[in-house]
Amino acid sequence: MGSTVFWNSLRFVIAVLAQVLICNHINFLGYIDPLVYIYFILLFPFNANRSFFLVAAFILGLTVDIFSDSGGANAAACVIIAYIRPFVLRFSFGISYEHQSVKLENTAFGQRMGYIIILTVIHHFFFFLLEIFNISNILIILRNTLFFSIFTILVITLSITLFSRKNS
Amino acid sequence: MQQIINFLIKNKNFILFILLLFISLIFTIQSHSYHKSKFINSANWLSGGIYEQANGVSSYFSLKSENERLVEENRRLKNILYNKEDSLSTVHFIDSTSYPTDFKLRAAKITKNSYARSNNILLINKGSSDSIATDMGVINSKGIIGVVDQVGGSHATVISILNSISKINAQLKNTNHFGTLIWNGKSPNIVQLIDLEKVVQLKKNDTIITGGNSTLFPKGVPIGTVKDFKLNTTENLYEVNVQLFNDMTNLEHVFVIENLHREEIDNLLAPNN
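From first to last, the protein sequence lines stand for chains A and B.
Quick note on numbering: the working numbering labels position 153 of the first sequence as 153, and the sequence is numbered without any gaps.
Quick note on numbering: the working numbering labels position 159 of the second sequence as 159, and the sequence is numbered without any gaps.
If you are wondering where the hints come from, they were derived from the structure by calculation, not from laboratory data.
Please note: incorrect hints may appear among the correct ones.
[Said to hold, decoys possible] With the Cβ distance kept under 10 angstroms, some of the chain A side facing chain B (calculated, not the full set): (1) 17; (2) 21; (3) 73; (4) 128; (5) 131; (6) 133.
Cβ atoms here follow ideal geometry from the backbone N, Cα and C, with glycine treated the same way.
Looking at chain B on its own, in the form it has when it is part of the complex (with noise of 0.2 angstroms):
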């Protein structure tokens, strides 16, 4: 007994080392699992609040590019208001004729962007106070975002799509051939769809919208355009690479899109029924 405590007296900077590298190792394992990153996110109201701040003097110098983006978007919704018999024969945002689900948007604003790291998070500055849950989508006037991750009182972190863990259903606008949208960390205005149907007619800079496979996302919202495209080594299925629609780089305001079907939609789909 007498030898383990001085065993464990000689040897303590070592055995806290371990421990410390231990509890680190752990943390970074859960980082990159889905929705496993519990304790360490930046949706407290310490890191949030400090984001907040910050953002409350960085945003002034992005006011003009925001600014036109806001003109722009008014100017396509007035368009749509103007000429509505023309809103029913094109694909807008939510295709409501095609798709009776239901979405509720929610306006918000990114505190914290990252585009650079090979894991990219994103802060927003709202939280389970106004409603936001996990697995929402964000998106903004552009295209898709990202999905709400971790939610704190006022606070929320987003899985960018410019994340190795995210994973979205994305398929060709004016088909119903989807894939899976991932990106392989290289640059921020490339994504890849991967397991597209090798049937399917590819082009030089078709769209790519959102699938409706999933309940994160209502169907047709834009991504991107086809960059180019090859057959993966088994030759059967298409690796696209997707040049987007959004500059990831430069994001500002927000929306966040509730499914209000999702429960009944998810329990429909569950394994065991």
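Only chain A is shown next, with the shape it has when bound in the complex (with noise of 0.2 angstroms):
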């Protein structure tokens, strides 16, 4: 119990010092960074209290959002895929998960790949309507969505791929 909690805390400060220190600044084509924080969200320990993963995703948002100066933005997309996160893992992950410890390094990867796609397009696509904040510039808020998501898919699986602890 305890090293989890020691876990999921240095996973928060990584997220958020990844985040606006290296990630904001990568400028991929010109404006594409990862928001490869959301990591956090999709690391956090399944069986956890709900209530408390709430308060703890709008945290880490909140942080982002003082680092980057955007106000709300991540922090209602983090709360946003906090609270949808059951139901996804529901859907990609079938009922088992509640039942048994899974972990997501264990999972088959299309189930994992599934569960992460659709959280990571969901958090993007509040993140840009929030962030831009007109509802004119809906096309550039799709595109940065598409090109955001896939670049934010790409880093969260290859570190998950990387930093997995062998099957234990």
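Take the two lone chains and join them into the complex the hints point to.
Right, dumping it as structure tokens:
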């Protein structure tokens, strides 16, 4: 239990610092940055208390918002995906995830990708909706959602594969 | 009563979700209106300090181009110094011969640059302890950069001209026709000048400078050149694409301008007078 808290706190700090110091300055093709900090939300223990999880996601989003001066766009998008995560988990991994302590690193590749893609796309869509905050720019919102999602999914999938502790 | 409490306990996650979403939406709406993002900004000791540390490392990578810019500015200033009689006939940064306002410049350094988003906000390493205040203009040797927004103890945020809420008074050099400088969020090198009267004789590569109508910037700070222009939908005002002199993707040393007569001007122009 203690080590779970420790690892998740560490992951929180690393996610924020990696986002604001490295990933916000990549500007691939001029404007594409991966929003990798949602890594923390994707990997948060599946059996954790839901209220606590919502608050943690809110604080994570707000911290990134403070650093990148984006108001509350990250916080809102994080709270939304934190709230819908149980439904997405059930959809991607089936009902079984509730009864056993499934770890993301040990799931089948296809199921894992489905889970990551759904949450990332939803997060990015709401993030750009609130960041651009102008419905007449819906094409820019959708274009950003698509390109940023591809980049984020790539980076997150790679880092899960790289940093996973071999199946325990 | 019992049922209400039961209902609340049963749906506590949903209520918490709605509450947190509501708070974030309030912060979002505040950030999209001018000077409202009081709590959520990077001008605090934690984020400001972290950005300053990171900038201490990353500033070494741009030392060369930054030195070249300083040499270029020194050359220009030396030119003015050694050819004093010329300095009256050409328009420079602060045209004190035609506009007797007093401006005070303070040097600062950009610790967080941003240009790829639709609302870009920069962070500088000077704050209220260095007499920086809200609504001061920020420029560098090549042109305008933005306006100071929130001020912390030793850091301040700057609304870049690459921001959808930025509106800056600008005019065509050598005429007194002015318009408003905005940004459509597309390219970090091109901003838009709107509301320019149709009677203006516009040509490609005409220079755009700041107008003296606002108290943010002195008159005559360079902005950019006319890239192309067209009439707006009502066919009586120009919309001009302006190619910036500044490379907004590579900024380091900047000046913060304080208008010493600002209060007086604002009082005179206040609507109840």
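So, going through the hints one by one against the coordinates:
no.	hint	in the structure
1	17	holds (8 angstroms)
2	21	holds (5 angstroms)
3	73	holds (5 angstroms)
4	128	holds (9 angstroms)
5	131	holds (7 angstroms)
6	133	holds (5 angstroms)
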